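Please build the complete structure, drawing on both the sequences and the hints.
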Amino acid sequence: MSSVHSVSAATADHAHEDHGAPVGWRRWVFATNHKDIGTLYLLFSLLMFFIGGAMAMIIRAELFQPGLQLVDPGFFNMMTTVHALIMVFGAVMPATVGLANWMLPLQVGAPDMALPRMNNFSFWLLVAAFTLLIMSLFVPGGGPAAGWTLYPPLVIQTGNSLPMAIFAIHLAGASSIMGSINIIVTIMNLRAPGMSLLKMPLFTWTWLITAYLLIAVMPVFAGAVTMVLTDHFFGTTFFSATGGGDPVLYQHVFWFFGHPEVYIMILPAFGIVSEIIPTFSRKPLFGYDAMVFATASIAFLSFIVWAHHMFTTGMPLAGEMFFMLSTMLIAVPTGVKVFNWTATMWRGSLSFEPPMLFSLSFLFLFTIGGLSGLMMSLAPVDFQYHDTYFIVAHFHYVLVPGAVFGIMAGVYYWLPKWTGHMYSMTLAKWHFWLSTIFVNVLFFPQHFLGLAGMPRRIPDYATQFAEFNMISSIGAFGFGLSQLLFAYIIWSCVRGGEKASDKVWDSADPKGLEWTVPSPAPHHTFDVPPVVK
Amino acid sequence: MSKTLKYSAVAAALGTLHAGPALAAWEMNLRVGVTELSREIHGLHMMVLWICVAIAAAVFGVMIYSIVRFRRSNHPEPATFSHNTKAEIIWTVIPVIILVAMAIPAAETLIKIEDTRNSELTIKVTGYQWKWHYDYIGHGVNFFSALDKVSNAARQPNSGVNPKDVENYLLAVDNPLVVPVDTKVRVLLTAGDVLHAWWVPDFGMKKDAIPGFVNEIWFKADVPGTYRGQCAELCGRDHGFMPVVVEVRSKEDYAAWLAKKQAAAAPAADPAPAAAPAATAANVPANTLTIDGATASVAKAE
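Protein chains in written order, with my numbering: chain C, 1 to 533; chain Z, 534 to 835.
Derived by calculation from the structure, the hints in this document are not laboratory data.
Each hint should be verified, as a subset may be incorrect.
Unchecked claim - Keeping only pairs whose Cα atoms sit at most 35 angstroms apart, straight-line, the calculated DSBU-like set for lysine-lysine is:
{"hint": "1", "chain 1": "Z", "residue 1": "Lys682", "chain 2": "Z", "residue 2": "Lys717"}
{"hint": "2", "chain 1": "C", "residue 1": "Lys511", "chain 2": "C", "residue 2": "Lys533"}
{"hint": "3", "chain 1": "C", "residue 1": "Lys199", "chain 2": "C", "residue 2": "Lys499"}
{"hint": "4", "chain 1": "Z", "residue 1": "Lys682", "chain 2": "C", "residue 2": "Lys199"}
{"hint": "5", "chain 1": "Z", "residue 1": "Lys793", "chain 2": "Z", "residue 2": "Lys717"}
{"hint": "6", "chain 1": "C", "residue 1": "Lys511", "chain 2": "C", "residue 2": "Lys429"}
{"hint": "7", "chain 1": "C", "residue 1": "Lys503", "chain 2": "C", "residue 2": "Lys199"}
{"hint": "8", "chain 1": "Z", "residue 1": "Lys682", "chain 2": "C", "residue 2": "Lys511"}
{"hint": "9", "chain 1": "Z", "residue 1": "Lys793", "chain 2": "C", "residue 2": "Lys533"}
To be verified - Under 10 angstroms between C-beta atoms, here's a sample of chain Z residues computed to sit facing chain C:
{"hint": "10", "residue": "Trp559"}
{"hint": "11", "residue": "Glu560"}
{"hint": "12", "residue": "Val581"}
{"hint": "13", "residue": "Asn701"}
{"hint": "14", "residue": "Ala724"}
{"hint": "15", "residue": "Lys739"}
{"hint": "16", "residue": "Arg761"}
{"hint": "17", "residue": "Glu785"}
{"hint": "18", "residue": "Asp786"}
Said to hold, decoys possible - Chain Z residues, not near chain C, derived (Cβ > 12 angstroms throughout):
{"hint": "19", "residue": "Asp668"}
{"hint": "20", "residue": "Ala789"}
{"hint": "21", "residue": "Lys794"}
{"hint": "22", "residue": "Ala798"}
Bear in mind that the values here come from a model prediction, so they are computed numbers and not experimental data.
All C-beta atoms, glycine included, are put in the ideal place defined by N, C-alpha and C.
Right under this line is the structure:
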């Protein structure tokens, strides 16, 4: 890993300030500074996390007991659909982009992102996208209700919200593509002298790979939903057998996007915990090169496994075999990562500050999600698991205690660097324990429900599923409420608190250029590039 | 032997053909089911589950040991190593071996699942929003199957009916599919509007019903009883309310049931001369029908 040779005048006020940084609302609306845009992304994603979370609460409240008590089944379907779209495209992805904006220039020793104005545009496009998506819930015919995968022919039955949802996806996709271009250009061109690719911090590495995935697949998704749009409004029949099309074609195109998409959400979290575990183990990351190559292998494999989401669509035997075997292969590089994180802790000197706690929770619970993923890679058994709560449990394990806990670990790791204040360790540890306990109460029983035969996306269920659903809902309410604590901790850390040192985690002596600048990080950093040995 | 299977066996022994396996609360594992395939799938599931439990126990064990043993208060001086080629090779190769060991039996079962040859009865299943249509190909019997009235009344918003007082709440239909025991039944799946998926957990198999296309699965139930499942592919507002119920009866009972159904269908068909080809088709043994024939009948239905 890199070490800092010298940082000179990196943080002093600089002539660039002369033309005046905008203040007040202009600072945010016209933001071009990577730190301000990072903050905007992070706050936006937190807002979306609560909106999407509120929808999840509606879902779990309806499922608290059998029978329909609270919502209409049609509205229930809107909630499952929009909850997922908001969490995937509005909460998890923008959170990782926000972290990238804040941290990549600091980690590679760049003064800012390479394309600051495009950076501003990508953020505000996202706001437009989600305004449109949320508005779509209130138009005649109601919001999109065909599931976040938007499978035709069902999606064609959507009312006036269909074009709104599709344009929202187009805007969010354009935003992601621009964000990715910015990240790639920044990493490729603005690294400090001496920082070769294999000296880059792991978070930078995982984001570089993520950005390539995004550029590769977002246009594919945009294409798929555009074909839905023309099927609905312009008489094409891409996905309708009546005109020679095929509904399953959509699924192939969608999952060619959709599978890399799940790695787009998890790879930055891999990067974050790869920073945090070595810091609080006081020991270098085990197998740095292997970590980079494992990440790249996972990214490559993500392009050739998509149809494991479609085993029940009736593929030829050879297709089922191929996708079963290629999917199983992913266990190898993923295993390497888990083993390397464990080996990093081995014979270290571990302390358990909130970022480390969330990283450890990530390590355990993501592994559970990974193992259930291995189970469903076996096509014959997936015929039973498919479209049940077992799948719901699996992907929530990799996305909530996986991606979301990774993001929270990152926030707790770097928050003092952003605000200049330490947050309350006691409250953060409360947040950790409440989240970790409730996330398991919420999602673990869903494995049982799925195996016992409960299909996903149903608003009401047979009475033998009542017990585990009630437990799951109690976990959901607990988990949802615990997140208010997260918002409070961030808010109070922004407002004040004990002064954070430059290194923030002095006792752990974190490595990396971001810890060489003062806390809070000044508006402009690395005007003169640091030299990395 | 699982609880489910025991219940089924007891039910069969008593000749209470309409009593299905008890649907108990707190059920937390995959059902063993009543077909050869479902038992094989259950075996695969248990194998991979235990492999995963063993892997998790080993990995979590090392993690917990590290957390306890190498905490800062106990181990203040960290080691500095960051590579160990031997260890890295071992933990790359061992997973590959485990994967191969899992892939072989999985591939064998997969091949068996996809072998729909030599079926003795072919039933075309068509999904609609929100009911199933069953067509006994070549036997002149077809009917719709929808959520039964009691469940349907109870599931209305704030119906005032406690679902726990309704027998087989949401898992009961007006006209169940009836099939003979120990018979290889081929199910041809299609849909009339949007995607659906036909799923009976005890048969170990689900597959999508896709408008304009025909999918096929097969099952051969060896324990008489009533088996319940649900539509497993989101199909709109009432997706949660289109159960699948299959009654597996003895061959004699099935023959009697079929004859009754045919008799009920015949008088209505008699006056219409157009029904003649259908009557001829009824005499053709099911297993001589080809996929092409089935496709043609789908096209006709649409």
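Inset, instruction - Identify every previously stated hint that the structure contradicts and give their numbers, smallest first. - result: 4, 8, 9, 17, 18
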